[in-house]
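Undergrad: The primary structure of each chain is shown beneath.
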Amino acid sequence: MKKINKLALFANKSNQRLFTTISVIVVLYVLMTILDGTGNLSSLMKGLLVPVCAYSLVAVGLNLCVGYLGELSLGHAGFMCVGAFTSAFFSKAFVGVIPDVPRFILSLLIGTALAALFGFLIAIPVLRLSGDYLAIVTLAFGEIIKNVINVLYVGVDSKGVHFSMKDMMSLGMEPGGKIIINGAQGITGTPRQSTFTISVILLLLAIVITFNFVNSRTGRAVKAIRDNQIAAETVGLPITKYKLIAFTLSAAIAGVGGVLYAHNISSLTATTNTFGYNMSIMILVYVVLGGIGSFSGSIIAATILTLLPEMLRGLSNYRMLIYSVVLIMLMLFNWAPGILKWREAHGIKNFKSILKSKNTKEVQ
Amino acid sequence: MSLLEVTNLGISFGGLRAVDEFNISIDKGQLYGLIGPNGAGKTTVFNMLTGIYKPTDGKIFLDGVDITGKRTADINKAGIARTFQNIRLFGDQSVLDNVKIGLHNSFEYSTATGIFRLPKYFATEKKMDERALEILSVFGLDKDADVLASNLPYGKQRQLEIARALATNPKLLLLDEPAAGMNPNETKDLMNTIALIRKEFDVTILLIEHDMKLVSGICEKLTVLNFGRVLSQGETSTVLNDPEVIKAYLGE
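Residue numbers (my numbering), protein chains in the order written: chain A, 1 to 364; chain B, 1 to 252.
The hints are simulated quantities; they were obtained by calculation from the structure and are not laboratory data.
Be aware that one or more of the hints could be misleading.
[To be verified] Computed spacing ranges between beta-carbons, pair by pair: (1) 341(A) x 154(B): 24 to 32 Å; (2) 345(A) x 14(B): 34 to 42 Å; (3) 343(A) x 66(B): 56 to 64 Å; (4) 74(B) x 131(A): 21 to 29 Å; (5) 195(B) x 346(A): 47 to 55 Å; (6) 131(A) x 118(B): 57 to 65 Å; (7) 16(A) x 66(B): 47 to 55 Å.
[As the list claims (entries may be wrong)] Far from chain B, some chain A residues (derived; all Cβ distances over 10 Å): (8) 106; (9) 133; (10) 224; (11) 230; (12) 321; (13) 330.
Beta carbons are placed, not taken as given, at the ideal position from N, Cα and C, and that holds for glycine.
With the hints as extra help, turn the sequences into a complete structure.
TA: What follows is the structure, given as structure tokens:
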């Protein structure tokens, strides 16, 4: 009985970490809102609040895939893209038809569901691969999504929905019809409904869901498959099922990030920087820098690395140079063995080393 | 009727015949030993019994049910659990969680129940904790419940692997060199543990072992493999005195 009490305490320790993450986000949210209310927030910073949350969401989704499923995906910008375009499509198509709030909720659900559906469909063939092969195939998937959207023309008039992959003319629209997706120019005039408050709520929700997921029966099975697939099979775990569940959830969360992103800008286009491999790799950088398996780390990294280039804007041409140097320094500080040793000697710890030292103590 | 009935089991890797015409019949409750020189095909037999390799010929029946060529996870559900020669634990998870993963199919709640932490989540997790601790206490591992599995000392890792296998509630437990890398004292402890789990969990055991003291001490029947073929089979004392076995494996 005493043992069980101790275990309850252990479970509370990880609950405490979740609580800390949530409180920090809430405090930052309140701080930003106050700064904004008193007019102390630059318009630049104000414009970054929603993107920071959107990228954090995608990073949390990818971290679920990389850190817990143990598979490297380079296509998460693709899932973000699916979420962004499907939700923006819905919002634009139904402007004035459905009232604002229910329309946004519906478009959020549609964006998330379609990103999840794509995740599920992609996962069926892709999860037969692993390691480098899986990374390359997911990379290709992200590019396919981006390129298909770039040649997609969709419009609505009184006769219904028109669709073409050639050009706007071939839609054969009636005068007065509404063009929704205009090829490489994407979707313009999406209602800007992603407020900072909604973004923070969705981010918190995603953190709680992923946290609960990885600490549940399903999450344990996913981690077991990551740690040792053969052993997982011999204790009776259906491998494919759990890989599919984890990958689909990961894609769905990336899709939510996409929905937020799409409803924050007036002109949504699918370029290399917004939804291509550049973005996929950026998100991977957030995950690796923040610590694989640490959701709070992903959010911190996404925040710093989104704000940094904007803060350095004054340095004009040297901006990306300094950005890269800072990135290299941060990576070294977080992961280089020599620096880890130095930090241990000086008592500067990060999340992972704290975890490790605790566990070794318990063994002795 | 015997619990495990294997007839004419064989497997080829390309041109290599790794195991050929392997027959074995294990009664319920028996403690059966599989011995032989390195490379004789003992672990290959285990891999075929658990579905990791698909046998080229032959049939495997567990409790009268044909499990030949089934998937590993389904074979575990049918009632075979195993340990590995090179330990395969879920290293990044706690000792308790390793056993709870073994309990995965005995205690169920849906993914959604887990994500939204519905009442069933708490009730089932509590039951799982209790059952897992019960199993761990048989091995004296309950004090290490919240240690990471990879941080356990070697001997305890082997025991945890057995505990995890037993958590799946098997009819037949396959142990692949459970005493490998253990000193004589640890081996003695292991012999006691095996005797204990046989009684506590009502399980039939087939084990691969090189430690002759352990084999002659606890196994009731033996099969000797050499170059993928059965060299001798029967009561332990008879097999160990078989001149063929002495020549091929034990040494004169």
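Undergrad: So, for every hint listed, does it hold in this structure?
TA: Hint check results:
1. Separation of residue 341(A) from residue 154(B) is about 26 Å and conforms to the stated range, judged on CB atoms against 24 to 32 Å.
2. Remark: the range hint 34 to 42 Å for residue 345(A) to residue 14(B) is contradicted by a beta-carbon distance near 54 Å.
3. For the hinted restraint 56 to 64 Å between residue 343(A) and residue 66(B), the CB-CB distance of approximately 59 Å keeps it satisfied.
4. The hinted range of 21 to 29 Å is satisfied by residue 74(B) and residue 131(A), whose Cβ atoms lie roughly 26 Å apart.
5. Take residue 195(B) and residue 346(A): their Cβ atoms lie about 52 Å apart, and the range 47 to 55 Å holds.
6. Separation of residue 131(A) from residue 118(B) is about 36 Å and departs from the stated range, judged on CB atoms against 57 to 65 Å.
7. The hinted range of 47 to 55 Å is satisfied by residue 16(A) and residue 66(B), whose Cβ atoms lie roughly 51 Å apart.
8. At the 10 Å boundary, the C-beta of residue 106(A) stays outside the reach of chain B, the nearest C-beta of that chain being 21 Å off.
9. For residue 133(A), the non-interface assignment is confirmed: its Cβ lies about 22 Å from the closest Cβ of chain B, beyond the 10 Å cut-off.
10. With a least beta-carbon separation of about 5 Å from chain B, residue 224(A) fails to lie farther than 10 Å from that chain, contradicting its non-interface assignment.
11. Distance to chain B contradicts residue 230(A) as a non-interface residue, since its nearest Cβ pair spans about 6 Å, not more than 10 Å.
12. Look at residue 321(A): its CB is around 38 Å from the nearest CB on chain B, clear of 10 Å, so calling it non-interface holds up.
13. The claim that residue 330(A) is not at the interface with chain B holds, since no C-beta of that chain comes within 10 Å of its own (minimum 24 Å).
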